[in-house]
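**Student:** So the chains spell out like this:
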Amino acid sequence: AQSVTQLGSHVSVSEGALVLLRCNYSSSVPPYLFWYVQYPNQGLQLLLKYTSAATLVKGINGFEAEFKKSETSFHLTKPSAHMSDAAEYFCALDSWGKLQFGAGTQVVVTP
Amino acid sequence: DTGVSQDPRHKITKRGQNVTFRCDPISEHNRLYWYRQTLGQGPEFLTYFQNEAQLEKSRLLSDRFSAERPKGSFSTLEIQRTEQGDSAMYLCASSTGTDSYEQYFGPGTRLTVT
Chain A
1 AQSVTQLGSH VSVSEGALVL LRCNYSSSVP PYLFWYVQYP NQGLQLLLKY TSAATLVKGI
61 NGFEAEFKKS ETSFHLTKPS AHMSDAAEYF CALDSWGKLQ FGAGTQVVVT P
Chain B
1 DTGVSQDPRH KITKRGQNVT FRCDPISEHN RLYWYRQTLG QGPEFLTYFQ NEAQLEKSRL
61 LSDRFSAERP KGSFSTLEIQ RTEQGDSAMY LCASSTGTDS YEQYFGPGTR LTVT
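In order, the protein sequences belong to chains A and B. For the first sequence, position 22 (counting from the first letter as 1) is numbered 22 according to the numbering used here, and the numbering increases by one without interruption. For the second sequence, position 107 (counting from the first letter as 1) is numbered 107 according to the numbering used here, and the numbering increases by one without interruption.
The shape of chain B in the complex, shown without the other chains:
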């Protein structure tokens, strides 16, 4: 039974560079979510997909952020022209979309922008 996986686990980048994170959900889950968590805070919703369709984007998701889920399987989150304020833990979760919306989280990708 494989859970949600994320790659990489840690990423250090210089301000202005682009970064891309990957999330592989639990195989039978058709919903995939991205959250951002800064130090000392709870996770904040960024966006989610139902299969390959991106259904909602938070106002937190600036134009520098883009997410995709081609073929409704894995998802990528790209941040262009990174800023120091982008430093955070990026969490991915998946769910069946039913079963009381229970979401299963991956280990996260910790991004540090220097």
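For reference, chain A alone in the conformation it holds in the complex:
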């Protein structure tokens, strides 16, 4: 069965500190994985995607994620948090053409 698990529903980081959001997946086929960001009352914006090419994927706004098959993980990081990074982040797995999402991680950035 295909599934996505995001560890931690809320993360609080200080401005300038490392942002680390955890995502683990289960898939019976080589996965396509995505990270999306959602600001309040808005749709989802794609941050980055893994499609079986390079295991370290760089995205927009300084975010990157590393695909680790042995750990079935696709964690999202950003070296230095900015106030504008406060949002909800979703990890998603392509499941035969449709996306299966994790429950999301709400990021709060404190000054």
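Hints were generated in silico from the structure; no laboratory data involved. A virtual CB, placed ideally from N, CA and C, is assigned to each residue, including glycine. A portion of the hints provided could be inaccurate.
[As the list claims (entries may be wrong)] Covered stretches of chain A, as calculated for chain B (at least 3 residues, CB under 8 Å):
hint, stretch
1, 28 to 42
2, 99 to 107
[Stated by the list, open to error] Listed next, with one range per pair, are the computed distances between beta-carbon atoms:
hint, chain 1, residue 1, chain 2, residue 2, range
3, A, Asn61, B, Thr112, 29 to 39 Å
4, A, Glu64, B, Thr20, 34 to 44 Å
5, B, Gln80, A, Glu71, 37 to 47 Å
6, A, Ser28, B, Lys14, 36 to 46 Å
Following the hints, put chain B in place on chain A, whose structure we already have.
**Tutor:** For chain B alone, coordinates are given in the frame of chain A:
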């Protein structure tokens, strides 16, 4: 470059009424998806179209829900006899169907059933 658009952005309706939402995908995208997102949860797949053909429907999509995509362009999602449990954000996304299945989302329609 126009993205995915949805109309209306907000809808408040009374229980038992019918509502219809519209989604206009990115023009060259032949796949169109509908998702539902409830508070504090990730989006859940409802249905998707390849051109005008509805290829898959989730078990979440009860008989009160119907979606169409006439002529393979815009799509509508209708909910008949709305219930309070239908209150959610309804998201539309589109993709080319290739390019690693990357999906582009609209701003969503927030439905409140009173």
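**Student:** So, against the hints stated earlier in the document, which numbers end up violated here?
**Tutor:** Those not satisfied: there are none.
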